[in-house]
Structures are given as C-alpha cells and as structure tokens.
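Peer 1: What follows is the residue order along each chain.
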Amino acid sequence: GAVVSQHPSWVICKSGTSVKIECRSLDFQATTMFWYRQFPKQSLMLMATSNEGSKATYEQGVEKDKFLINHASLTLSTLTVTSAHPEDSSFYICSGTDRVYGYTFGSGTRLTVV
Amino acid sequence: GNSVTQMEGPVTLSEEAFLTINCTYTATGYPSLFWYVQYPGEGLQLLLKATKADDKGSNKGFEATYRKETTSFHLEKGSVQVSDSAVYFCALTSVLYSSASKIIFGSGTRLSIRP
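Chains as they are written, first to last, in the numbering used here: chain A, -16 to 97; chain B, 244 to 358.
In short, the hints are calculated from the structure, not lab data.
One should not assume that every hint holds.
Stretch by stretch, here's where chain A covers chain B in the computed footprint (C-beta under 8 angstroms, at least three residues) [claimed, not checked]: (1) 281 to 295; (2) 347 to 358.
Label pairs and their computed distance ranges (CB to CB) [as the list claims (entries may be wrong)]: (3) B:319 <-> A:40: 28 to 38 angstroms; (4) A:44 <-> B:288: 22 to 32 angstroms; (5) A:69 <-> B:257: 31 to 41 angstroms; (6) B:273 <-> A:42: 38 to 48 angstroms.
Counterexamples of contact, computed for chain A against chain B with all Cβ distances above 12 angstroms [to be verified]: (7) -4; (8) 53; (9) 56; (10) 58; (11) 71.
All C-beta atoms in this analysis are idealised placements derived from N, C-alpha and C, irrespective of residue type, glycine included.
Could you build the full structure based on these sequences and the hints that come with them?
Peer 2: Structure follows, in structure tokens:
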C-alpha cells in the first residue's frame, strides 16, 4: 500500500530557530498534501492544504508566514516552522492524497521548542 | 458546516469485552465516513471507511455502519484485545480524495483495555 514517510519523527529546537519537516509519498504521487497539528490529547486540526506547484491554502487563524509550506513535487512537501516558540510545540502530521490510495498519513513529527 | 461528534473518553474495558464508540455527524449531501486509529506516539492509520448510506466498513474485527437516517457511524468490536488500546478518531469528508475536501475529525476517544 501507499506510504508517506515523514521526517524527523521528533525534534527539539531552541526558541527563535526554524525547523523543517518533510513528507515524502512513496510509491504514489500525492496531488494534495494536508498538514495537521495535534495538541496533547486533542484532535487533529487542519493547518493548510497544498497542491503540487501552487501556493498552500491556510485555515483561518494559521499564520502563513510562520508555517511555510512548499509542495514542489508530487512526492515531496515540506512544512517549515519559522522562528519557533514554545507555544509551537506540538505533534505535526501530514497526509498525502490521491485517487487510488485515498488519504495516507505520515507517522508524525513531535516538535519541542525550548 | 460539517462536524463530527464522538463520545468522550477515556473508555476502559476488560479484555474480550464488547466495544461501542459512538459517532454522529453533521454534513450536507453524502459525506464519506472514516474511523482512524492512533497508537501512542504514532500517526494515524485508516481502520475502516464507508462511502454511502448503509455501507458497512470492517477491518480487524471492527465494524461500523453508515446510518444516514440517524447520521451515525458507531464503531463496534465484539471482543477487544489489549493491543486495541489506542485513540480512535471518527472523521468525514464531503468530497472523497479531492484537493477541495479536507477531513474533519472528531475529538478522539482514548480506549484502554486491561488484561
């Protein structure tokens, strides 16, 4: 079946630095990538939707200049958390979509900003 | 707008007990419905899905039936195991596999099975 490889699985960074999270679709082409954020013991909240080659669409309340999303190819999408602060600490999950495999989720990245 | 409501947890059961996790939804048209499972520290895995009314999704002993008349998609399993301990999310999407359609998740239900 389809796999979305998400890296890193966990990262600790200092406040003020930037962190990049990668999601690669293996064995399929993800025409759309969804990025979610999950706080402890809470549900997944959609942050943005990105289509290959075009700008991401952000959900209301999500700062596009802080959470930079790039979807340069059908197999790679990245989320960069810029100037991270402790309140950005969270679990980030991507989901690649195509018509054959549907929605395939990455394994998630736990970000801790200290 | 579309929304999903599922029973709050945590739910604690003994091994081999019967499980029901309730899920109801609000949506226009004919959404597709899903149950996802999340094991500790991991991402989401699709457990089962149903794309039209009266469809029954099933996998690993879990079942859920798409009930349009009651707008429900309750998850059931006849005999749970310790390995079923996880968080379960009910979800819907209005347009399947389209870039125009996002998945709406319920709040999640934490299930703990004791030996």
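Peer 1: Does each hint fit the structure? Answer for all of them.
Peer 2: Evaluation of the provided hints:
1. 281 to 295: holds (count 7)
2. 347 to 358: holds (count 5)
3. B:319 <-> A:40: 28 to 38 angstroms: The hint (28 to 38 angstroms, Cβ to Cβ) holds, given that residue 319 of chain B and residue 40 of chain A are roughly 36 angstroms apart.
4. A:44 <-> B:288: 22 to 32 angstroms: 28 angstroms, holds
5. A:69 <-> B:257: 31 to 41 angstroms: Holds, since residue 69 of chain A and residue 257 of chain B (Cβ atoms, about 40 angstroms apart) stay within the stated range.
6. B:273 <-> A:42: 38 to 48 angstroms: This hint is violated: roughly 24 angstroms between Cβ atoms.
7. -4: 19 angstroms, holds
8. 53: For residue 53 of chain A, whose nearest Cβ neighbour in chain B is about 16 angstroms away, the distance exceeds 12 angstroms, so it holds.
9. 56: Consistent with the label, residue 56 of chain A stays out of reach of chain B, its closest Cβ about 15 angstroms off (over 12 angstroms).
10. 58: 16 angstroms, holds
11. 71: Correct as stated: the minimum Cβ-Cβ distance to chain B is 19 angstroms, above 12 angstroms.
The structure shown violates just one earlier hint, number 6.
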